[in-house]
Each structure stands twice: as C-alpha cells, then as structure tokens.
Amino acid sequence: MLKFLINPSKFIKFSDLVFKPLVIFTLLVFIIGLFYVYKSPLDYQQGLTVKIMYVHVPSAYLAILIYAIMTIYSIIGLAFKMPFSFIINKAIAPIGAVFTLSCLISGSMWGKPMWGTWWVWDARLTSVAILFVVYLIIIFLYQTFENREVREKTVAIFILIGSINLPIIKFSVDWWNTLHQPASISKLSSPSIDISMLKPLLIMILAFSLIAVIIAILRIKAEILIRKSHL
Amino acid sequence: MLLANNLSFSRNKVNIFNDISLSIGRGQIKQIKGKNGSGKTTFLKTILNILLPENGEVFWEGKNIKKNIFNFYKEITLIMDEPSSTKSLTLINNINFWKGFSDSTITDNEVLLLLQAFKLEKYIHTQVMYLSSGEVKKLELLRLIIEQKKIWILDEPYNHLDEGSIEILNQTFVDHIKKNGIILFASHFEPIITNLEIINFK
Amino acid sequence: MQIFKKIKLFFFRELKLFYSKITDLFSNILFFFLSIFVFVFALGAEKALMQTIGVGIIWALLLLSSTLSIRRIYEDDFKNGSLIIMHMGGLSYELIAFLKIISHFIFVQIPFLISIPIAGLFFNININEIIVLIITFAIGSLILSCLGSISASMNLLNKTNFSIGSLIILLFSIPVIIFSVGIINSNNDFTSLLNLLFGIALIFVGISPWSSASCIKLAIKNK
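Chains as they are written, first to last, in the numbering used here: chain V, 1 to 231; chain E, 1001 to 1202; chain U, 2001 to 2223.
Chain V with its partners taken away, still in its complex shape (with noise of 0.2 Å):
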C-alpha cells in the first residue's frame, strides 16, 4: 500500500489521483490557519510580533523534517540500492533550504525588536545556520559530479554525515544556556503554551506541511520525468 513511497511509476500514479483534492484541502487549511492567526490574542509582552512565531515555528519544524526525511532515504538508496530515493532527496533538499532560510529571517526579524539584535552567537541559531549551509552544499554537490551514480551515492553520505547536526539543533537548546527558549509543544509533557495559541499554531503546522508536501510531488514528478526522458 505504501510502496509508492519507494516506486516511481507508482509514485505518479499515486500524486495524480491525490494532488487535485490535496491542493483543495491544503487551501482550505491555510486560509483557516490565518484566519485562526489573525483572531489569535497578542501576547502581553511581545504584543504583534508573537504572529511571527506562526510563520517560524512552522519552518523550522518543516527545515528540521525535511532533513530527517532525507537521512531516511540516504540510509535507504545506500543500503537496498533504490534510485527513487536519491531522486527525492535530489527533490526535496531545495524545499528544506528555503524553510531553514524562512526560518531564519523571521527569527532574525522577531530578534531585532525582542532582543535587540537581528543575530546572536548562540547554539541553537548557529546549528540552525549550520543546517542551512548543509543544504547549500547538498544542492552544490548534485550539480559537481558528472557521473549521476557518484553524485548520488556522494551526497547520500554526506547527508548521513551532516545529519549528525539535527540532534544538535534538537537538544542545543537544553545542553547550552541559550537566548533562544525551549521547546514549547511537546507530546510528553502538558505543552507550555496556551491553548488560544496552540490551535493556531498546529494548524499552521499542518498548512506549511501541506505545502511542502504539495511542491516536493511537483518536484519528484518532474525529475522523474526528467530521468525517464533522458536515459
């Protein structure tokens, strides 16, 4: 059932019939999400610019999953030989680029009248800087090989190598005395943030998921189309 997770022609199968309803839906959930954004109170101390919490938290989960997702599909296209893996993570590493940048600058946008500075040294901005430069590299390193097998195989390990910063990222804020808070919603304890909050949140959450979602099948389909029509 789930093996148009790791076989192409299935994979195009399985977009086609779920992607008109899947954009629908994602729609749908988006505009509820802002407008849940939008009726959402104001925090008492950072008043308006609590809002971009909606739009950071989101991609820095999406940057931080993205990559997760990757290491998944290295260890997979390295250990059982599957092409399709290393064709989405070929796909999917722009997207996480882009999230890890969006997550960036609307920390560094919320940062400036927070804390009063647009940048600060601390772990868990710096490992997240550092994923983003792992990124770049990724996408470098697919247009350095000319040989297509290397390509892959190279920046599979390299993305089993750099998946090393992703425990980093998670645990940085509780190993080192940081600006950046902790962790707010968490499965194992009551979250520590208020349920007016959260509703918006989780739906933002599911939203940019979505999107993502919706983009890398626009993006996988094409390489595989790519693929097929040159070799």
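No wet-lab data here; the hints were simulated from the structure.
Fair warning: there could be bad hints in the mix.
Using 30 Å as the maximum straight-line C-alpha spacing, the simulated DSS-like pairs for lysine-lysine come out as follows [what the hints assert, rightly or not]: (1) U:Lys2217 <-> V:Lys81; (2) U:Lys2008 <-> U:Lys2021; (3) V:Lys10 <-> E:Lys1067; (4) E:Lys1067 <-> U:Lys2006; (5) U:Lys2221 <-> E:Lys1066; (6) V:Lys39 <-> V:Lys51; (7) V:Lys199 <-> V:Lys20; (8) U:Lys2159 <-> U:Lys2005.
Please read all numbers here as calculations on a predicted model, not as lab measurements.
Given chain V, put chains E and U in place with the hints provided.
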C-alpha cells in the same frame, strides 16, 4: 592461460562491446585493433577487473580471477597510454618503486645495463619531469622488463616511439613470447611480429 | 612479510616526494605567518587584545593554511596511474588511503607544529597554553588529514567545482575547533575534552580510509 568468456560492458546504458571472448595461452601474443573510441582501453580494463564487466568472466589458469584478484595481479604488468612515472621523482627512485611493488628480483647491475641499452643512464638521478616525452615513454616500457611479470597488457605502446625503439620493443615482445610469456596489447598501428594474432574491434 | 616491505617502500616514496616538494610546505607555513600579520594589522597591535584572541586566531589560521595542500593528496598518483600500480602490487585501496592519511599527517601537519611556538611569541601567549595548543593541534590535524583525504578523493571525481572540497573540510572542522579551543580555555580540567577530541580523531581514522577508497575506486572506473 588467460581466458575471457563473453565479456560485455556498457557505460551509461550505451553498449561499448558485446560478447567478446578471448583466450591467450603461454607464448602467444595478441593485438586488439580498432578505431579510436571502439572500446579497446575499456576492454583491457575489463579483463583486469578494474572495470567490472556486465556479463562474462575472466579466468586465469582455470580460476575465476574474482576469487583472488591479487594472485592474478601478481602476474601482470599494465602499461596504460599515460606514463606512470612520477614526475617529481628521479629515474632511479621510480625504478625502485616499480621494482619493490612488483617483487622483482632484478639486480641493480641489470637495471643499469637496461638503462644503457635505452640510452637513459645519464638521467639516472634526474627528475622525470626534465625528460622528453619519448624518453618518458621508453622509461615506461622499461617497466616491462623491470617488473618481471608473465602477462603484459599494454595500451597503445607504439605512441611516441621512433623507429629504432619500435624495433627494440618488437624484439622484447618476441623474447618474452619465447620465455612463455603472454602479451595482449591494443593499438591502431600494426607491427611486424611473427605469430601476431589480431582481434578486430568495430 | 612482503606487505610490510611494500608499506616501507610506500613511506620511502612519500618521503622522497615530500623532499622534492619541500618548497610547497615552506610556502604554506609562510602563508600561515603572513595571515597572522594581516590579522594583526587589521585589528591593531594592542597587547591585551592579542592575548585574548591569539589562541583562536592561531587555530583558525592553522586550519586554513594546512588545508592549502590538501587538494593534491591523491591527484598526481591518480593521474599517472601509480595508484593502480600500488593496488596491483598487493595493497588494497583502503590501505593506500590509510597510509596516505598517515604520511600526510607526518609530512605536512607535523612541520606546522614547529611554527606554533613562534606564532605564540607574536601574541604573547604563555608557555602552558602553547603546550596545550600543540597537543590539541597534533590531534586536531590528524582529523584534518582524514577530512582532507575524503575531500581530495572526492575531488578526483568532480571536474567542475573544486572549492566544494574545501567547503566540506571547513564545515566538518567546526566541531574540531570548538573542542580544541574549549580545551585551551578550560584552565585545569581538560583531560575529558581531550579524550573526546581523541575519540573523534579515532572515529575519523576509522571512517575516512573506507570512504576515500570508495571514491578512488569510482574515480579509477570513470577515468
């Protein structure tokens, strides 16, 4: 006996050669002849398992070479189109490197005589980068004798050689065959050697 | 034991190569000192400032200048086919990569150790810190050699973008520099961090021969 069974190879899904079989017994010399880009070099590399063939196997004395590749490599001198001498090392250092890595038992005196025969003895402590391309090629062919291997595999050995050297090379080939050696080389030039068998590549 | 004879021969050859390219090393060391001067001119030669930032600058510049030579670890031997000759002589590519890392460490990184005390003089760094600096760089440069081996073998495969190798070295040397400077700044208790750095070095020594060898194999196939 060196035996290749139905070798085929393709690169980027473009077929380079298909179903080529070859057997060379001791004391035989064979040439692969073909145009540029006909896959001569690729074929030589496939026999040596530097490139893995898509189909087919290579046997040396009845054993598949994949089983113990180093036992097979122990018998081979491979000379590619590009000279393998290290440019920043002197001639004698290069020779010692080849000698050591091929477990050759050739003595220093014999090496000196060889260098004299090829008129290279005055460069013995000169870095290879100061030699002319013909001299570098001659030095490269000296490897055949220095390494003392049974199987010689050469890619375009006649490039950059003058007529005198071509004759010397032909004579070395004949001597090696007389000593029950095996020679396989790729060239578009057809030398005059008795008992030379030619395999034509399209 | 023929393999030991060949390893000995390998190092003998590396020594000869090192000797023939010794000016390369000198210019790398000169690069290191010149960039120190550039830093001093850019920041102003205030004694207290120099003392506080000296260690960090020395480490960063050592890293940059020792990566200058890294691109060419495999290049020459790959082009003229010496790698194939060594392989056919009975050394596996993994062993070749390992020996190359060790010889790069001995012949390129160790000479840099000599320049550290001299650089320390320029910044008025006290003798204890210099000793710690030398120890950390001795371990850290082993990691740099491993990273260099990986990126040099990757450079064999790529024909368009050569600076990507340096990017990767710089990226992965971030943890090295964090731990090394951490060791220097923690006054007394640096053994645990030193062990950690040593552990990272051992991991890299374990990993990099394999990854370099797989890159070399692919490069030889596609030559």
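Results for each hint:
{"no.": "1", "hint": "U:Lys2217 <-> V:Lys81", "verdict": "18 Å, holds"}
{"no.": "2", "hint": "U:Lys2008 <-> U:Lys2021", "verdict": "20 Å, holds"}
{"no.": "3", "hint": "V:Lys10 <-> E:Lys1067", "verdict": "40 Å, violated"}
{"no.": "4", "hint": "E:Lys1067 <-> U:Lys2006", "verdict": "23 Å, holds"}
{"no.": "5", "hint": "U:Lys2221 <-> E:Lys1066", "verdict": "16 Å, holds"}
{"no.": "6", "hint": "V:Lys39 <-> V:Lys51", "verdict": "11 Å, holds"}
{"no.": "7", "hint": "V:Lys199 <-> V:Lys20", "verdict": "26 Å, holds"}
{"no.": "8", "hint": "U:Lys2159 <-> U:Lys2005", "verdict": "35 Å, violated"}
Violated hints for the displayed structure, listed by number in ascending order: 3 and 8.
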